[in-house]
Structures are given as C-alpha cells and as structure tokens.
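S.K.: Given chain P, put chain E in place with the hints provided.
Each chain is listed here by its residues.
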Amino acid sequence: MVGINAYYEIVTVRLPALASLRTDPYTCRLLNAGVHPMPVNPFASLFGRSPIGPMQKHFAKAHECAANLVPFFEAVMVEDWAKVEQVQQEMASLEHEADKLKKSVRLHLPKSLFLPVPRSDLLELLSVQDKVANRAKDIAGLMLGREMAIPQALQPLMRAFVQRTVDASTQALKAMNELDELLETGFGGREAALVESMVMELEQIERDTDKMQIEVRRALFKLEKDLPPVDVMFLYKIIEWIGDVADRAERVGNRLEQLLAR
Amino acid sequence: MSLIADYGLVLLLLACLFGFFMAWGVGANDVANAMGTSVGSRALTIKQAILIAMVFEFAGAYLAGGQVTETIKSGIVDASMITPDLMVLGMMSALLAAGTWLLVASTKGWPVSTTHSIVGAVIGFAAVGVSMDAVHWGGVGPIVASWVVSPVLSGIVAFGLFVSVQKLIIDTDNPFQNAKRFVPLYMFATGFMVSVMTLTKGLKHIGLNLSSSEGFFLSLGVGALVMLLGIVLLSRIKIDVEADKDFHYASVEKVFAVLMIFTACAMAFAHGSNDVANAVGPLAAIVGVIQSGGEAVGAKAALPAWVLLLGAVGIVIGLATYGYKVIATIGKEITELTPSRGFAAELATATTVVGASAIGLPVSTTHTLVGAVLGVGLARGIGALNLGVIGKIFMSWLITLPVGAALSIFFFYILRGVFL
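Sequence lines, in order, name chains P and E.
Note that the numbering used here gives residue 53 to position 53 of the first sequence, counting from 1, and the numbers run on in steps of one.
Note that the numbering used here gives residue 1266 to position 266 of the second sequence, counting from 1, and the numbers run on in steps of one.
So that you can see chain E by itself, here it is in the shape it has in the complex:
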C-alpha cells in the first residue's frame, strides 16, 4: 500500500485536475446541445440561455448528480476485486482515455457521447487491466440497455406531448385562448416531474432526508409554484394581430415560448444531474480509496458532497469560458424548430434524463434529445430531418465503447509502469 501512502496527495490533486477538466469539457461542449433548442426557436436569447444553463446545470449536478456518480464510482466495477492501487490508477486512466477520445471526436465532428466514452473506459481498464471478473457485468447490461431505451422512451413521450398539444390547443377553434388555458398545465408537469425524481431520490448528501410521500407532496408544491409563475408571465402575452395575418399561429407560439423557458431550465437541470457523473464519477472512486487510506475499498464510503461541487463548478466555468460560443453557434443552426415543438422535445428529454439520473443510469442527453425530436417528427411536426445523423450516432455507439476501453487500457499500463 506504499503507493497511496507515498503519493496520496499528488494522486488526489491529479485526479481532481482530470475530473475538473472533464467537467469543463462537459460545460464547454455538451451543454450547448441541451440549450441550443431554446435559443434556436428564439424562446430565449443567448444571454438568458447561458444564465439558465449556469444556474440549473449547477443545481442539477450538485443536487441530483449523486446517483449516477455512484454508478460510475462503484456500479460498473467490483471494488472488492481490485486492489486500491489499481483502482486509483485505473480510474485515472479512464478519465484520461475519455478526455482524449472526446478531444479527437470533437475535431472530427463525430456524435460521440461523453457518457459512452467514460463507461467504456471504466469497463476497459477493469476487464483487461485487472480481470474480467472485476467488472459488474450484471450492472453493465442495464446501462447499455438504457442507451437504447432512453431515446426511444423520450421519442414516445415527445410524440404524445405533441399530439396532446394538437388536440388541446392547436386544432381547436380558439387556439390562443386554449394555449393560455392549457400551457400552465404543461408548466406544472415540468416542475413536478423534475422535482419528484430529484426529491424522492437522495438529497442526503446536502443533509435533506425526505420520505417518498414528503418528496411527492413537496414536488406537487414545486409544480404549483412553477405554474403560478408561468401564469404571471403568460398574462403579459397578448394576441399579435399583425403577426397572425402572416402566420395564423404566431401568437400561439408566443405562449409556447414562455413554456420553453421552463422546459429549458428542466433540460439544464437534467443534463447537469446526469452528465456531472462522467467527470466526477471516477474522481469519486479515487477519493473514496485515498480517504480510507487505501484500506477499505470494498466498503461503500459515502459520496463526499465536495466532489459533486467540484464537478458543478467545472461545468459552470466551462460554460462561462467556452460554452456560450457553442450555444450561440448551435442556436443559429437550429432555426426550424418552433416553440410548440421545441418544448415537447425538451420536456420529454428532461423527464427521461432526470428519471435515469434518479435510478443512477448514465445516459446520453444528446441522444435522448435526438430521440425526442424524431418523436415530434414522426407526428408530422417538423419540416425536414436528416436521418443520416441516426446512422452516425449508431456507428458512434459501436466505436466509442471499444475505443474508450482500448485507450483506457493503454493509459492504465503507462500509469502502472510509472507508479508501480
């Protein structure tokens, strides 16, 4: 155990650095896909989007990021099968591998998911670097399955939401009045869904222990609060007769643009809650080993709150230093999505991703969003979609896992050669 005794502090600092850079990368690049829809449909200005992203990414990462972080930390590998030394070096290689692969993919414009990279990397070092038995194969199955299920599920939800909007609002005699009547209900649903998944699943690390029923009723309260705020904002929206002459649904879309402020918040929260783990999950494992002095790896040490905090701060700094540019660019490219469609895609994605976060499944927010957009498209809601992207995403699945794993093994052997 001399490695941890001798280099404990250095390793910890290095791990924090790697984790922080991964979080920076998530903030700089990944957040843009989550926020671009709102900017593109002109529901939010870029400044508003960045502000919302900062606040809600942070909140999501810090408040609801624990479950997925726990999964990356100890759900994929069997800590009792790996010596503390190898665990520390392996998790570090996983961070390095995922970071490298994402850097390469970003220069090529491949739709590579941060989540897939990190999961592949963690599996890689454990399976090849340690032993095949060191991987919780029973835990990997549900994760991989969730990568297929989450886009499909959010696609179905988005389809349903879009159809409900058609029936309740757009295909009626007075769409504007019905929009004002029913949109607050969607606002309630947004607030409720996000908070119920967060509150009923651990806020223990910030010292809040709620029972399921307490969480449920508190969520009803959050939903009602969101709805009231929404009604106040909606009261300022008036029918624009001039704009309606050209496009009859211009005023109705303005109502949906207000709804999109809330779904954008939910998206940012969901994204933070799921993606922070990609950066700090391995870090959490390293911290666990080092804090216990390299002894009791098998025992589940509680996740320290500062690890999530580090990830949350990293994401926000990534957003502030680079992410705002990416959001602006993507916002300019996505212009064919009107608020009535954008909200359906965002609400479906946010619900699916927050749900996955609550049960600790690391999913790809972007892929889930793509699924939701396709759901709206299948309901004949979008002018034109490039299906070629689906093929690219599928290919990136097939490639990312083995490449992430191979890079992780590569770094693992190097680090082992240096330190052991």
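Pulled out of the complex, with its shape left as it was, chain P reads as follows:
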C-alpha cells in the first residue's frame, strides 16, 4: 500500500498555489468535519477520533457550570446583586462552552464509525450531560432577572439543598472520569463494577435531594402567606429546577450504566 505522503509533498512543496488550501478556512472546516478534499493514508484513516475524551471534557464543563450554583446562592442570600450577576455570566459562558463541545462530539460521530458502545447510547448520554448545565443556567438566569431574594428562614435549608444537588453532579463527574478506564478494560470487569457502585452512590445522593426538596417546599409553604404571591410562585419554580439538576445528574449516571449493559 503506497502512502499519500509523496502526494502531499508534491501538493505542498511543488505547487505553492495549492499549499494555501491547507490554511484556507473553508478547507480547514471541511477537514475538521471529517470531509477530506485531499486523500489521506488509508491505514491512518482507519482510526477515527475517539469520543471518550471529548465526552469527559463536555461533562467536566457542564459540571463546572452546575457547581457555580453554590457561590451563586451565597451571593443571592446576601443580596449582593453585582456578585450574582458576575456568577451568572460565568455560568452562561460555561454553558455556552459545553454547548460547543457537544456539537463537536456530535460532528465527529458519523454513522460509519465503529464504536465499542452503541452510538445512540453515547449520543443520549451526551444530551443528558448537556441538560445539567442548561438547567443550572436557567436557575441563575431567572433568579438574576427577578432579583429573587430568599427569605431568611428558608436559607439554611436552601443552602444544604443546593449543596447536595451539586454533590450529585460531582458524583456524576467522578463516574464519568472512569470512562477512559472503562475503554481500557473493554467496558467490563472490575472497572464496570466500580462504575456501577459509583452510580449507586449517585442514586443515594439524588434520593437525599428529593427529601430535601420536600422539606424546603414545606418550609416555604409555612411562610408563603406573608410573602408576595408572585415571588412565592417563582420560588417554588426555582426549588423544582434545583431538584431537576440533581435529577439530570442522576440520569447521567444511569446512561453511563446503560453503556455497560451488554
């Protein structure tokens, strides 16, 4: 099998006009999208870009966005709106970066790719990962927009609830960090058992957040008649959304587990 490299050399060295193709933005975009206007070595082209690393990077970003909920609520509770806005901006930009990573992973997963796990499962996992960041961003956006204060009596419960929710996302990240080890072990054996135990812990954390959500709602119910009704309605909404973040983090774990099922 004769390589293409002699050809590349001809193209880039002997025909300078064509050499500019390699730096041309349109050609670069085609190359990045996996469309090769120039032939490549057939053996090297057997190897596709593994989605494993990019998937991990994506969830690391999504988690970073969700983890900002802790400083965000700290700022909200002391009603430091400048700080609230700053954290919200940070979360929005992290969510945007995660979005870009998501698109890049999808772009590099053509149907012709042969993967160690089903492609549809990977794409679903990716989509669930993305939703963690989306919901966290929704919370920050709504609370900043309405400058939503949290009643003093509700604050300790709320703080613990948000922290536990971020714990769920942290646990999901821990499990996702095992994805490259899973590839090393062929998605089976001890490594798979380890990930399953991590997901079990994640489920436990999510159950905690469910209980805390009920407590926070009950506490708010006791306070609601003394508060402006519209504010109360939106507070219920925020409580539900925080619960969503934990719920979606759990789903990341469940989808990851699904990859292991043969």
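Don't read these hints as lab results, they were simulated from the structure.
Only a predicted model underlies this, so the values are computations on that prediction, with no experimental measurement involved.
Each statement offered as a hint is correct.
Part of the chain E face toward chain P, derived, beta carbon under 10 Å:
| # | residue |
| --- | --- |
| 1 | 1036 |
| 2 | 1110 |
| 3 | 1112 |
| 4 | 1326 |
| 5 | 1332 |
| 6 | 1337 |
| 7 | 1370 |
| 8 | 1378 |
| 9 | 1384 |
| 10 | 1386 |
| 11 | 1390 |
| 12 | 1396 |
Just so you know, even glycine gets a beta-carbon here, dropped at the ideal spot from N, CA and C.
M.R.: For chain E alone, coordinates are given in the frame of chain P:
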C-alpha cells in the same frame, strides 16, 4: 534465443534497476504502515522506529524472503509453457505495471496493496500475453484465498490476545504487578513465533541447513533470549503515581510500551520477509533465465542470495531516503491506539505474515494489520474505527487485479515490439 544472447546483460541490468525501484517504493511507503502503530502509541520515537525498521526489514527480507520470492518467480506462472524470451520480457512488464499502478494509487490515496498489484501483473502477462495455460491456476487459488484468510486470521488472533491481556493483567486487582509478571511471556511468544517460522523454513541460501527439531529448539532459545532482554528492560519501569491519578492504567501501559519494542521488531521482520518478494520475485525469474543462458527455464534454478540482498538494500534505502517522513506522518495520525492494543495488533499481524512468508504465500501486511486492529475493536478495545476503510480496501481488491493485469499486458506488448 538471440534476444538473451544479444541483450542478456542489458536486460539483466534493467531488471535489477526495476526491481531495485520497486524495493525502494516498498521501503519508502509500505514500511510506514507497519511501523506507524508503534510510533503513534508513543512506544517508540521516530528515530527508534526507523532504526528498528532498517535492521529488521533487512533481516526479514534477506533471511526469510526466499519462500515468497520463489512463489512469485515460479509459483504463479508455468515456466515450461513460456519461452525464455517471453519470460524475461513478461516479468519486466509485470514490474513496470505494478510500479505504475502503485504510483497512480499513491497519488489518489487508494489502499492498494503492492502484493496484489504484482500478482495481478504476473498473471496478466502470462494469461493474455502467452496463453491461459501458462498460469498455474492451482497456485493462484491459495494466494487469493490467503488475502481473505490472513486479515481474518490475524483479527481472530488479535481478539484472543486482547482478551487474554484483559483476563491476565488489566481486569485484576493489581494490574501493574501482573503486567510485569505476564508481559515477558508475550515477549517470549513474539521471539518464538517469528524465529520458528523462519528457522524451520529455509535458511539454505545463506548456508544454514537446520532440521525441523533443530529449528524448533533454536527458536525456543531465541524466545528465551528475547524474554530475558525484556525482563531487564522491564525492571526499569516503575509505578508512576502521578500519572496513575489521572489515568489508572498509565503505569501498566508503560509496561506494554516495552513489549511493543519487540512486536515492532517482529512487524518489520515480517513485512520484510513477505514484501521483498514483490520487488525481487520477478527479478529472480529473469535472473534465473539469463543465468542459464536462456536454455533451461523449466529447471528450478536455486534462488541466488544476491537477489534478496538487492531487495533488502533497496528497502533500507527507501526507508532512509523517504520512508522516515511517511512514518512520522502516519505516527502523528494514529494516536488513539495505546500500547496494550497496539501490541496485540502487531503481534497478531507479525505472526500471520511471517507464517504466510514461511509457506510462500504473498499477503498484504497492511490488510492483515487492518484485520488485527478490527479484531481488537470487536473486543471493545478501540475508541472509534472508520469502517469506510474496509469498503475501500475491498474495492481496491476488485480493481487492482484486473488493472495490474491490464497494465502488464500493455507493457508486455510494447516490450515485445521493441525487442522481438
């Protein structure tokens, strides 16, 4: 017989030139696929890979290239059916045809095999230029079958090797310790498999006549020697706690990287042993005719050692003048393969190809390697594989044989018009 009497020396020199250029092409382009895996998984630096390729391609071509060369020389065509003149011109056209087709294919980036081109070309001139009976159809069947069997076989072997690595090393409580314990066994297997196939099959042309049992025991010795060297190299590998934090198997992969030094040697040896024939097989046939003065073509003249030497030197020069660039490029493109997978693919390929070399079957090293990589992929070992390449390879099979044959017929008629 005036052709050979009049132009014998000129024809011989021309044939040497064509053969040498084919060997140069093998060294410049084909070797890269065999070595790229080791460079890509960072088991070897480019310099190390080139050094290993030079030494072991040469050794493989010179020591174990005889059987396949014999097949190209006299296994495909029936020498008793072809007059000496036509044999010389035909084999030359075959070299020209394969060279031309490979040049075209390389500019298009088609996965064309040197082996398929030369076999197609030899069949072409004999079947159409001489007569259908001039082809040993009984000999062609096994060759074509081996092109399907070799990738499948190496795929199965690679799958098995990968699963055994999972069971013995990776999926255990202490993968690093088990890697140090079991990796030397894979090293032994590498040394043993390559030498047993080489030693039990002719080293006669360099004056070494071994019986099967002598060859077997000598191979055990080679395997043990390789294993001892490996154990010494492995003793320097320590657990890297920092790297393991990020990726738990980082230290284990370092152990496999040492193993890959040996499998890379085996790959280069296997490649040399099988692919040198593509360049010097036709040359060997021409030399046979000319040395016998154009008389006794039917009689099997022994393969002169210098023909293999010429091919081996051609490959090394191809590597030194151009191949190193191709190895560097491919090494940069193949980065998703870690040593624990790369070794399985290389060992499976090397064993299959050396085995084919021993029984004189010309196979495609690259296709065999593709089969091995797919075997590892089927064991869920590789992040992503482009299956589109398989279709391209299949198409190139269908196209290369007829095109190689047609070009060979074309050159054959031209040469016949010039010389006869």
